[in-house]
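Sequences are here, hints too, so could you generate the full structure?
In case you want the letters, here they are:
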Amino acid sequence: MILIHCPYCEEKRPEIEFANAGQAHIARPVDPATQTDEEWKNYLFIRANPRGRHHERWRHIHGCGRFFNAVRDTSTDKFETTYKAGEPRR
Amino acid sequence: MSGYRLSVGGRVVRRHAVTFRFDGKNYQGFAGDTLASALLANGVMLFGRSFKYHRPRGLIAAGSEEPNALVLVDRGPGRRTPNLRATGIEVYDGLTATSQNRWPSLKTDFGAINDRLGMFFPAGFYNKTFMWPRSFWDKLYEPAIRRMAGLGDAPTEKDPDHYASTYAHCDLLIIGAGPAGIDAALEAAGTNTRVILIDEQDEPGGGALADPSLWPWLERSMKALNDAANVTILTRTTAFGYYHDNFIGAVQRLTDHMPQIADGPREKLWRIRAGEIILAQGAIERPLVFEGNDTPGVMLASAAKVFANRYGVAVGKSVALMAAHDSGWHDVFALAKAGVGIVAIIDVRENVDATLLTEAEKLGIMVYLNHSVIGVNGRHRVKSIQVCGNNDYLDGRIACDALLMAGGWTPSVHLWSHSKGTLKWRNDLGAYVPDQANENVCSVGACAGHWDFGNGAVIDMLPTPKGLTRAKAFVDFQNDVTAKDIKLAVREGFRSIEHIKRYTTNGMATDQGKTSNLNCLQIASTALAKPVTDIGITSFRPPYTPQTFGTLAGHAKDALFQPLRKSPIDGWAEDNGAVFELVAQWRRARYFPKVGEDMHIAVNRECVEVRSSVGIFDASTLGKIEVVGPDAAEFLNRMYTNPWKALEPGRCRYGLLLKEDGFITDDGVSARLAPDRFHLTTTTGGAARVLNMMEDYLQTEWPDLNVWLTSTTEQYAVIAVQGPNARKVLEPLVAGIDLSAEAFPHMAIREGVICGIPTRLFRVSFTGELGFEINVPAAYGRALWERLIVEGAHYNITPYGTEAMHVLRAEKGYIIVGQDTDGTVTPHDAGLDWAVGKKKLDFVGRRSLTRPDIVAPGRKQLVGLLTDDSNLVLEEGAQIVADPNQPVPMKMIGHVTSSYWSETLGRSIAMALIAGGHKRLGETLYIPMPDKTHTAKVSGMVFYDTQGARLNV
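Chains Y and Z, in that order, give the protein sequences.
Residues in the first sequence are numbered consecutively from 1, following our numbering.
Residues in the second sequence are numbered consecutively from 1001, following our numbering.
Quick caveat, the hints were computed from the structure, so don't treat them as lab data.
In this text the structure is predicted, and so the values were computed from the model without any measurement.
It is possible that some hints are incorrect.
[Claimed, not checked] In silico SDA-like pairs for lysine to any residue, Cα to Cα no more than 20 Å straight-line:
| # | chain 1 | residue 1 | chain 2 | residue 2 |
| --- | --- | --- | --- | --- |
| 1 | Z | Lys1420 | Z | Ser1539 |
| 2 | Z | Lys1937 | Z | Gly1837 |
| 3 | Y | Lys41 | Z | Arg1859 |
| 4 | Z | Lys1728 | Z | Gly1629 |
| 5 | Y | Lys84 | Z | Met1693 |
| 6 | Y | Lys12 | Z | Ala1168 |
| 7 | Y | Lys41 | Z | Val1855 |
| 8 | Z | Lys1838 | Y | Pro32 |
| 9 | Y | Lys84 | Z | Gln1699 |
| 10 | Z | Lys1659 | Z | Gly1837 |
| 11 | Z | Lys1860 | Z | Val1790 |
| 12 | Z | Lys1659 | Y | Arg47 |
| 13 | Z | Lys1839 | Y | Lys78 |
| 14 | Y | Lys84 | Y | Gly63 |
| 15 | Z | Lys1840 | Y | Thr34 |
| 16 | Z | Lys1659 | Z | Val1669 |
| 17 | Y | Lys12 | Z | Glu1276 |
| 18 | Z | Lys1659 | Z | Leu1849 |
| 19 | Y | Lys78 | Z | Gly1421 |
| 20 | Y | Lys41 | Z | Gly1686 |
| 21 | Y | Lys12 | Z | Arg1271 |
| 22 | Z | Lys1268 | Z | Thr1081 |
| 23 | Z | Lys1838 | Y | Lys78 |
| 24 | Z | Lys1659 | Y | Thr34 |
| 25 | Z | Lys1645 | Z | Gly1629 |
| 26 | Z | Lys1659 | Y | Thr36 |
| 27 | Z | Lys1557 | Z | Pro1155 |
| 28 | Z | Lys1420 | Y | Thr76 |
[What the hints assert, rightly or not] Covered stretches of chain Z, going by a simulated chain Y footprint (3 or more residues, C-beta under 8 Å):
| # | stretch |
| --- | --- |
| 29 | 1240-1247 |
| 30 | 1688-1696 |
| 31 | 1835-1848 |
Heads up, the beta-carbon is just placed ideally off N, CA and C, and yes, glycines get one too.
Encoded structure:
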């Protein structure tokens, strides 16, 4: 069972305390009404599926409840780093 | 005893004799014996029948790598454990074990006909043969094959034992308490680190247990470790899996070795998180591949040494050795010293170390260098062996009753591989050893390839003169895979070891090829004329040895399998004969049958009482979220389709929640208590999902909004009082709230007191009748419910369950998200356009409502459905077609989502999702069922009180 570092609790905790919440750094458009169908489709549905470094969101759902960002290697399942929501991409 | 027990030696307790049963016959053994050693001491060499050919099989090994001697241990009903290795079963008084995969008996097994037909059972036989006809597979082929080719029978009774589990944390975890593991533990003993040392055997020591010269060291070392406060020693504990971040799964066997069934747990699952792990798993000796190498009495040389030195048992009276490695020589020298008769050493190599030859000569053992065994005589036990010169092909027969194999050593890299550490090939060992670690772990001792057993030759098979058969030269003993099968796989075009493995099933038995993987690799390598490293490597996966489901499940069974959520009023419902159903994890009262009533009659009565007088319903399971903060209204305005900012305190609104893709995900009535405070409700099953979704937007998209979300689902008991007499029931009980229609209209909320209990009183309705939902602190829920039952008796207040609730809401066309919607339904599809704020520029899902696919015609839309036969209640989920006469497969245009008998209307009603449904009003559609095709007309969704007059009274 993986240990995940929660950047809010500042502790490594077992993965059962966390829930994955999909790819990170996909901001909701500020004014969705002005989005073209193509732009909106890309925002809604198009996601990266890399082998290797992947930026994703996690929630410490059975802990502090906060959403945060993480860089995880999809081929080794190792977490490279985690950081608070709103901080720049690492 | 039959004379195989040595007169001295071993660690068994000779003054403590035990009696046990094997295949219905009583035997004697000593405390400290395994079933394997005790049977050997009694001259038993036949332990089982092989998987495919039903060949007689004996022991190969003395440890957990044993592939053949699988037995069933019977400790009473529900306690029959099949497929246990005889080498790991400690004997006790009354132990009852039986052999497997034979009928009628071990010595006379009708299934052995397969052995005579062996030429017809090559690799891939089942795949090639039982292809046709397909219909024969389920009824004929599979049951027959399963009967013939099998392991033991699974028990059919419920397991009466219980199983413990625990978490443990340590700085250093050492797996394997052989000399290497004990040395590592000694180094850490007395420091301020937490150390756990685990070993699968009943006694620590590993290989040292078979070497009396090490016993004084072992005793000293174990005393030091037992005295060290920082060291925890777990024996009878198998580390079966190595998971991410140094997380180890281990099973400790607590009671199976005890004569009496103990009160305590049978086994204990340890989940250990370690800072650092030292693997000291040791190495497993490799068998040699030659004709007849599976005859009972042919076994590993190291195993014979364990039986002699640890258990005081001779594996034979005249024992021969077939060696490719020096270790076998040392083993038979040890046997000779222990009093076992050694008749010959045959070594495939031309030259061996001179000291070995000198020692053999001193002990008077005949030596045949550059020779190989090419055949074994004897069916149930070795009688003699055929030995042949590798160059001159001159052969001769040597009489013996056991033949030992010394094929070299395979480091046990199982756990290392689980941890995703890499391996490197060592040509000198003919084996893979650990290379780059993927965790904070290191391998020490024999599992890292470090041993002092001397040298050996790495070979695929023993040489055999041309023309002689090697059809029964086994590689995987448990799955009955021969060298011939592997070569056949290569001839048929398989190139990767991963494919060869799956085609031949080599290494795929319960032992995961502990004794066979490397021999298979070498044979495939020779057949492919490629180096071993070019044909790949198979992966070890947990568990290292088979483990019981009971231990893995632990306490998570029966009532503890998953949490059962009960409302505060659940106890009353149970006391009053409610029939329950599960909704998400909630147990909810489905209906309250009176004596003699079935569900249909009870639900009809409950519905009629609500419509004619008053009903009472436990709605406590509704999800509830308290939304508080200066931006609360702005936040809800962004989340829900409806406008929220203008909602006045004291009023309620039906909220529709979409996902960003525009599809309905939840709904519920919510109330504004104050400018900065809302009481939200969600569906019973959606509460956690909705809170998670709202937290997501609040934390990551709109962190600037000052809003707090708190789940209050379990803080409130909710009692719905519904029906024309609802107000009359409540009026005498409520203080501080004017219940009159003028002062307290439909879709309003008031705070006050009911029966002395503070309440948030909603005037809402999911029935279409005058209705109230009383929210009180959960602890008061049952008391208030009971009071309402008493006070409402004058109006015949009737408790109703979820089934009547479903009928009542369907009569009014109120949808249930998740039943009438399926994650592809928009507000327009569901006929809920009125709930979408037309003037709102944005809310979650808003932009998606104008996506091309969403506005395209032909979408499935929710409509009412009235059967032509008003007595017919359609099946929910039934498919709907426009033309009943079209050929099969028909084009299905939708399905029934809700369907009930409405006693109030005296007919059946249904809702359905139908392509272009809104434009089909009045159209006749068809519902083909196995017995006949039903007809129904598309209608509106509100079947009762279409004007809503009953709500506003």
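Inset, instruction - Find the hints from earlier in the document that the structure breaks and name them by number, from lowest to highest. - result: Those not satisfied are hints 2, 4, 11, 13, 20, 23.
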